[in-house]
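2 protein chains.
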Amino acid sequence: MHKNGFLVVISGPSGGGKGTVVRRVREMMPELALSVSATTRPPRVGEEDGREYYFLDRDAFEEMVAREEMLEYTSYCGNYYGTPKKEAQRIMASGKNMILEIEVEGAEQVKRLYPDAVSIMLIPPTIEEMRQRLVGRGTEPIETVEKRLSRAAEEIQLAGEYDYIVINQRDEIEACAKQICEIIHAEGARTGRMTAEIEAFLI
Amino acid sequence: MHKNGFLVVISGPSGGGKGTVVRRVREMMPELALSVSATTRPPRVGEEDGREYYFLDRDAFEEMVAREEMLEYTSYCGNYYGTPKKEAQRIMASGKNMILEIEVEGAEQVKRLYPDAVSIMLIPPTIEEMRQRLVGRGTEPIETVEKRLSRAAEEIQLAGEYDYIVINQRDEIEACAKQICEIIHAEGARTGRMTAEIEAFLI
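The listed protein sequences correspond, in order, to chains A and B. Counting from 1, one number per residue, gives the positions in the first sequence under our numbering. Counting from 1, one number per residue, gives the positions in the second sequence under our numbering.
These are calculated hints, taken from the structure and not from any lab test. Yeah, the Cβ is synthetic: ideal placement off N, Cα and C, and Gly gets one too. A few of these clues could be false.
What the hints assert, rightly or not - As a list, the in silico DSSO-like pairs of lysine-lysine whose alpha-carbon atoms are at most 27 Å apart:
no.: 1; chain 1: B; residue 1: Lys3; chain 2: A; residue 2: Lys18
no.: 2; chain 1: A; residue 1: Lys178; chain 2: B; residue 2: Lys96
no.: 3; chain 1: B; residue 1: Lys86; chain 2: B; residue 2: Lys3
Claimed, not checked - Computed spacing ranges between beta-carbons, pair by pair:
no.: 4; chain 1: A; residue 1: Leu202; chain 2: B; residue 2: Asp171; range: 20 to 26 Å
no.: 5; chain 1: B; residue 1: Thr139; chain 2: A; residue 2: Pro125; range: 29 to 35 Å
no.: 6; chain 1: B; residue 1: Ser14; chain 2: A; residue 2: Ser94; range: 35 to 41 Å
no.: 7; chain 1: A; residue 1: Gly78; chain 2: B; residue 2: Ala93; range: 53 to 59 Å
no.: 8; chain 1: B; residue 1: Arg58; chain 2: A; residue 2: Gln169; range: 49 to 55 Å
Stated by the list, open to error - Below, a sample of chain B positions facing chain A; criterion: calculated Cβ distance under 10 Å:
no.: 9; residue: Gly17
no.: 10; residue: Leu113
no.: 11; residue: Pro115
no.: 12; residue: Ile183
Construct the entire structure; sequences and hints are all you get.
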């Protein structure tokens with residue numbers, strides 16, 4: 001009985017602690033696949049094409065974007081970073097579910113190309129807690145913190161477009177990661193993903 | 001922050017082991033509420049109105065059905081059994097999620113009245129396993145078993161109208177109950193049920 005995997009998109013305001021939570025989710029569900037991203041930044045010593053990244057030049061990357069071959073992409077410090085669609089398709093065709101942790105902008109792109117993707121927005125419980133978290137890090141001047149907060153408020157306006165909202169309470173990474181695992185398990189039992197099993201009964 | 005609870009409907013072919021699984025789910029999630037059903041059968045010694053059942057006469061019951069005040073109802077051995085809508089509303093308004101284990105016919109009624117209900121169909125992995133299960137019980141003549149099986153096959157044709165399909169493998173009640181708990185947890189994080197939290201962030 002062959003089943004395709006599905007795509008899980010985790011997004012939310014940056015500074016909301018997405019990275020930490022997703023790392024924990026991957027430890028809890030090692031069967032989740034991560035895709036190898038493509039980038040235009042040059043390989044560092046020891047990096048291998050197709051392992052850390054697919055290394056592309058700008059023309060090749062932009063061509064892929066134009067042909068809608070990128071599930072999503074973004075530019076950071078003058079380089080492009082993106083998720084090749086083919087890579088995602090290969091993973092899901094193999095029956096694995098795939099997790100993608102991306103910024104809110106990228107998540108919008110993915111939802112447009114893959115309406116079937118399961119989208120989860122991770123948000124801090126309050127803007128005040130997010131402020132404390134960012135100030136506590138001490139890595140950014142106060143103006144940058146305020147800019148991030150107002151951007152977060154804008155991004156959360158888009159929450160309605162996501163399938164799930166998970167509150168990422170500080171010091172409760174474990175509970176938050178567990179909730180995401182439960183969502184992924186539950187989504188596997190969605191009727192649309194169980195047609196093979198329904199047919200198996202009727203044979 | 002007040003939140004309404006939601007309704008979880010567990011259904012599926014009878015003889016599929018629904019009862020056992022739901023009992024286990026309730027042990028795992030004691031916070032789930034069960035509603036008190038209404039019935040026209042006379043109270044037995046020790047039974048109290050409003051505790052075991054709401055005891056109604058036929059006229060009163062039929063009037064409630066006519067006024068669409070029953071979430072679902074069925075007749076069994078000459079008596080009616082049903083779930084009063086008001087009872088379900090009271091439970092959900094108190095913030096509790098409510099679980100309802102009913103036959104496929106009743107589930108159709110509930111879905112019509114409460115499109116927001118989370119519906120889960122429990123099915124045995126194959127019709128052959130269901131046959132063995134029914135024969136193994138030894139409580140029914142073989143013709144009844146065959147009748148049940150053909151009815152099960154009909155009922156499973158309705159699977160597409162459910163939100164989730166959970167396979168109820170014999171000897172795996174634990175895994176099956178756990179999957180239902182995960183679905184209920186996940187549904188609590190559905191965006192439509194998280195509006196209060198989204199607003200809390202934006203304040």
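Going through the hints against the structure:
1. In summary, the hint linking B/Lys3 to A/Lys18 is supported, as the alpha carbons are separated by about 26 Å, within the 27 Å threshold.
2. As the CA atoms of A/Lys178 and B/Lys96 are separated by approximately 21 Å, the hinted pair is consistent with the 27 Å bound.
3. Between B/Lys86 and B/Lys3, the direct Cα distance comes to roughly 18 Å. Compliance with the 27 Å bound is thereby established for this hinted pair.
4. The hinted range of 20 to 26 Å is satisfied by A/Leu202 and B/Asp171, whose Cβ atoms lie roughly 23 Å apart.
5. Checked against the hint of 29 to 35 Å, the C-beta distance between B/Thr139 and A/Pro125 comes to roughly 53 Å, which is inconsistent with it.
6. B/Ser14 and A/Ser94 have their C-beta atoms about 38 Å apart, which keeps the hinted 35 to 41 Å range intact.
7. For the hinted restraint 53 to 59 Å between A/Gly78 and B/Ala93, the CB-CB distance of approximately 55 Å keeps it satisfied.
8. Remark: the range hint 49 to 55 Å for B/Arg58 to A/Gln169 is upheld by a beta-carbon distance near 53 Å.
9. Using the Cβ-Cβ criterion of 10 Å, the hint placing B/Gly17 at the interface with chain A is not satisfied: the shortest such distance is roughly 14 Å.
10. Checking B/Leu113 against chain A: minimum C-beta separation of about 20 Å lies over 10 Å; hint violated.
11. A distance limit of 10 Å between C-beta atoms decides the matter here; for B/Pro115 the minimum to chain A is near 15 Å, and the interface restraint is violated.
12. With 10 Å as the threshold, the beta carbon of B/Ile183 comes within range of chain A, its nearest partner Cβ sitting at about 4 Å, so the hint holds.
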